[in-house]
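Residue numbers (the working numbering), protein chains in the order written: chain V, 1 to 536; chain B, 537 to 812; chain G, 813 to 1140.
Because the hints were derived from the structure by calculation, they are not lab data. Small disclaimer: the values here were computed from a predicted structure and weren't measured. There may be inaccurate statements among the hints.
What the hints assert, rightly or not - Here are the computed distance ranges between Cβ atoms for each label pair:
{"id": "1", "chain 1": "B", "residue 1": "P567", "chain 2": "V", "residue 2": "A353", "range": "25 to 35 Å"}
{"id": "2", "chain 1": "G", "residue 1": "R821", "chain 2": "B", "residue 2": "L564", "range": "29 to 39 Å"}
{"id": "3", "chain 1": "B", "residue 1": "I781", "chain 2": "G", "residue 2": "R939", "range": "49 to 59 Å"}
{"id": "4", "chain 1": "B", "residue 1": "P571", "chain 2": "V", "residue 2": "A357", "range": "23 to 33 Å"}
{"id": "5", "chain 1": "B", "residue 1": "G572", "chain 2": "V", "residue 2": "G78", "range": "54 to 64 Å"}
{"id": "6", "chain 1": "B", "residue 1": "W589", "chain 2": "V", "residue 2": "G536", "range": "45 to 55 Å"}
{"id": "7", "chain 1": "B", "residue 1": "I781", "chain 2": "G", "residue 2": "R944", "range": "20 to 30 Å"}
{"id": "8", "chain 1": "G", "residue 1": "T985", "chain 2": "V", "residue 2": "D403", "range": "46 to 56 Å"}
{"id": "9", "chain 1": "V", "residue 1": "A353", "chain 2": "B", "residue 2": "W589", "range": "28 to 38 Å"}
{"id": "10", "chain 1": "G", "residue 1": "D974", "chain 2": "V", "residue 2": "D451", "range": "45 to 55 Å"}
{"id": "11", "chain 1": "G", "residue 1": "T985", "chain 2": "B", "residue 2": "A560", "range": "47 to 57 Å"}
{"id": "12", "chain 1": "B", "residue 1": "G572", "chain 2": "V", "residue 2": "G363", "range": "25 to 35 Å"}
{"id": "13", "chain 1": "B", "residue 1": "A560", "chain 2": "G", "residue 2": "V970", "range": "32 to 42 Å"}
As the list claims (entries may be wrong) - In silico lysine-lysine, DSBU-like type, Cα no more than 35 Å apart, as pairs:
{"id": "14", "chain 1": "G", "residue 1": "K990", "chain 2": "V", "residue 2": "K303"}
{"id": "15", "chain 1": "G", "residue 1": "K990", "chain 2": "V", "residue 2": "K224"}
{"id": "16", "chain 1": "V", "residue 1": "K335", "chain 2": "V", "residue 2": "K303"}
{"id": "17", "chain 1": "V", "residue 1": "K365", "chain 2": "V", "residue 2": "K129"}
{"id": "18", "chain 1": "G", "residue 1": "K990", "chain 2": "V", "residue 2": "K113"}
{"id": "19", "chain 1": "G", "residue 1": "K990", "chain 2": "V", "residue 2": "K208"}
{"id": "20", "chain 1": "G", "residue 1": "K990", "chain 2": "V", "residue 2": "K217"}
What the hints assert, rightly or not - Chain V regions said to be covered by chain B (calculated; three or more residues, Cβ under 8 Å):
{"id": "21", "segment": "237-249"}
{"id": "22", "segment": "259-269"}
{"id": "23", "segment": "380-388"}
{"id": "24", "segment": "392-398"}
{"id": "25", "segment": "403-410"}
Glycine residues also receive a C-beta, built at the ideal position from the N, C-alpha and C atoms.
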Amino acid sequence: MSEFTISRRGLLAGSALLLASTALPTIGFAQTPKKGGRLVLAADSEPRNLNPAIVASNGVFFISSKIVETLAEASFDGKDGLQPRLALSWEGAADGLSVTFRLRDGVKWHDGKPFTAADVAFSALQIWKPLQNLGRTVFKDLEAVDTPDDLTAIFKFAKPTPFQLIRNALPALSSVVPKHLYEVGKIEENPANNAPVGTGPFKFAEYKAGQYYRLTKNDAYWGKDEPYLDEIVYQVLPDRTSAAAALEAEEIQLAAFSAVPLADLDRISKVPGLKVITKGYEGLTYQLVVEINHRRKELADLKVRQAIAHAIDKDFVVKTVFLGYAATATGPVPKNDPQFYTADVPTYPFDVAKANALLDEAGYKRADDGKRFALKLLPAPYFNETKQFGDYLRQALAAIGIDAEIVNNDSAAHIKAVYTDHAFDLAVGPPVFRGDPAISTTILVQSGIPDGVPFSNQGGYKNAELDALIVKASETLDTSARTELYKEFQKKVAADLPLINVAEWSFISVARDRVGNIANNPRWAVSNWADTYLAG
Amino acid sequence: MNWLRHFFRTPEAVAGALILALLAAMALAAPLLFPGDPQAIAGPALLPPFQDWSLPLGTDRLGRDVLAELFHGARTSLAVGLAAAAAALLIGAVVGTLAGFAGGLIDEALMRITDAFQTVPSFLLALAFVSIVGPSLGVVVAAITLGAWTGPARVARAEVLSIRERDYVAGARVIGMHPLEIAFREVLPNALPPVLALSSVIVAAAILTEAALSFLGLGDPNRVTWGGMISEGRTVLRTAPFLSIVPGVALVLTVLGVYLAGEGVVESTAVRRSLS
Amino acid sequence: MTRALRLLRRRLVGSVFVLLIVVIGSFLLLEAAPGDAVDAYIVSTGGDAGMIELLRHRWGLDQSELTRLANYLWALLHFDLGQSVTFSRPIRDIILERLPTTLVLMGSATALSFGLGSALGVYAGARPGSFRDRFLSIGSLALYAVPGFWLGLVLIVVFAVDLRWLPIGGIETIASGKTGFSRATDIAIHLVLPVSALGFIYLALYLRMMRAGMAEAWRQDFVLAARARGLTRRRIVLAHVARNALLPLVTMLGLQSAQMLGGSVVIESVFAVPGLGRLAQEAVAGRDTPLLLGIILVSAILVVIINLLVDLAYAVLDPRVGAGEASA
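So here's chain V without its partners, still in its complex pose:
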């Protein structure tokens, strides 16, 4: 219990945990790793396509990262925040036109064939670049992959590409799949997409729709003495309240990705035999953002946007909506990012009087009923917290005379309404920060993105200066110069408020005490779990 209150207070005081990306997990008591056993854990959704090379998303990684490995994984203490997986080393040329990977020797695919540089070349050129949701952006200038020998892959780019970006993209975007299984037929229709074959510590065993996914130990895994577990079973529990019950009933041993609702954590942390772990998601930061439709004339006015920013009590949001399991945000890069974050940006402290004054100044006086204008607010339905923040925002806006009507949609309708039809005034979205602003952050404010692209600037915001800065940063090869440009980017975004960053959060795991080696890297829930074990 004390563990938990301390960490929670730490988060409240300034998100110590989110910041401390080098902290080592010390939760639980010392146990000696033990071999064998079946780990059963909760899964709340069932991804259909399990190929992480095509679908780079946390829902897919959660399962397939144990089967299909990437070139490198995120690390608390490794160089550049990385630790080797299929690649042993990586090196970028000074001209930004090539990156050389040295690959691990003696690795075998689950079907016994050897893993070689040809697999990396095939995955990169045939899948990451043309088919992968995120790779299509990051690897857009990838021209060729040379394989001088079986253990060397040299990525050649048509245009200079910052090595820093490639490096930061490795943990999420570089899943390698076997060429020999994918080179025949259409890649999208390959049966291995539903029953993946990889090099990872676990093999795909079976999937029973609506019930479970089962993975079994890969005896020929390259890691010495790994993996520890014999089996991993993901039990599908669609209702979020049932994960906590299943943990208490000892039917499952782990619930990751906040499968246990935040409001239940305080109680469950007191249940003997269960532990609440806030670490292991540092590399998977979600941002709570108010998306703004700048086509609305009121919202095109900077003063109105500033007023809205001042009307939001970020501390209240962190404390009440996230129950302390989050940090307040200052701009488009989260506080816990070790490379790019800067606190030196304009801030908007909670100040209702100032917000009201700003709105008066902007010329939107209160009418007789106390209201200035009405707007439509669309909270994204994907998380409880985004919906609850929507409820809060409606109240916060009411306090400054803005009458917000909440429009509740399911996921498909929300995506369509916000990103294709632009039928919103304000929306609440949870974009993901993926370790580098160029992967999925700058497109939130960049102009010129076609209609229908989700999680991008669909609010009609256009700022030539900011656009130029984004382009320049994407071409800057020097790491420190590039980092500086992204600091500038944060300042500009915070000053002009194309969107309002409210908070940043990660997920929480709840596990039985027996589960060992949890949360030992910043992307633990989506890493390979080769060293995870169940103590006797």
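Let chain V serve as the given structure and place chains B and G on it in line with the hints.
This is chains B and G only, laid out in the frame that chain V set:
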């Protein structure tokens, strides 16, 4: 007034009537007792009941006053139930009367459509309809109505079939009344009582359907409903059980009240009929 | 027997029309939905404009609605339910996989509510107006008024978490490798809570119908005659009153069969039962039009068959019922 006496003879009916009266009082008093937005944040989050007398039933996840929500929820839950029942009875009575009175192809076509609606689970229909049109109170009412009008339509048709051969209908034909006029002025009013008997079932089902839709995240977020309160409270079922128990008890009492009173009405009218 | 056959033929023709209305109506409803399968899919992945276009093309969503409806109906004529976009598998296989689960769940829940409901109804109706009559009928009503999901959650907390008598959800112990009898027992144990949650809700329906039917029957001549003959009360209740009150309950069984599938949407979600109800909900959320159409069609066929059986049973059991009168 005779049937009122009959009505109040059974203790169940009296209890039902009392519950409904209390409920109506709550709904009417809500804006007076709790003016302003019931969803406004009124205090610290998750305050247990009976701790702070300005917030007698405590607060929910965001610090909203549970008692205020309960009162305002009575308004919406009742409104949903009554509106859906009224719409379902109206549509059902009209369709049933038309089918029963016209007969032939029209009857056949209308009854096959009724069959089609009855074949699809009404909750599934409501679920699909609300996800598609987007949840607002009107849409929820429409969605519930979609699945609820078939019962009244069938009963109305059966009743009309038996009435249309009676003397006064034949008489109306003889004096040259328009068939539609006969259908809606002579036949429908006489076919109505058994149709109305279904209303309590429909009201109760509507309130429950609204709750289940809210459970799946398809309630109107701008209004407080009991179903919405229960479904929000279920995530903290173990930590703060009162959040789902308080509106849950209100819901159970309401459905019970509607049912019992409805049954009282049916029984007392049956007694009246058998007496006359 | 020929009358039963004539009824069967008549009802089958009508059923085809009903199913056609259901399919076309559902298709149009789903087409009106904002957002398509691609919108639903990219929620979890994101992607750029090119990728989205690629997906729409691959899933055939760039064709016009009419073309797709025509294609669907044409395939249906060949008993082909098509391919699910979200599962990328034939819909027939997906539905066949889930159908047994739902049938078992709904069948057991119906048996529970019908069996227990009518038995308690007989018990209550045997002495109309007595304390046990009132207690049972109000108690069952209160159960009916509890939202299914809430009842489910409370059952889980009490019986699975606190007492640990029963599993919290699922249809069987995962990856247990059990077969035959031990597997059947395992499934039965897993079904106790969901069947109770679903069955107890509808208990009130049968209980109250039975009770009302019995109240009616008490007043009938043959009961008076039986009383005059000096038969025991128990004998009268079971042999005359209850038997006569049972027929309308059978009709109700047919009507209720469609509604149970709706109720099971929520129950299957709370108890993580991999049945058709949950699949339907996923199909709506994923905008998987052909899958939802397949589910609706299969459940409609089921309902039609059940009602047909009910009608036939009626026609055979009760010669007074003319063909088509029972539920035309």
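Checking each numbered hint in turn, tell me which of them this model violates, lowest number first. 2, 3, 14, 17
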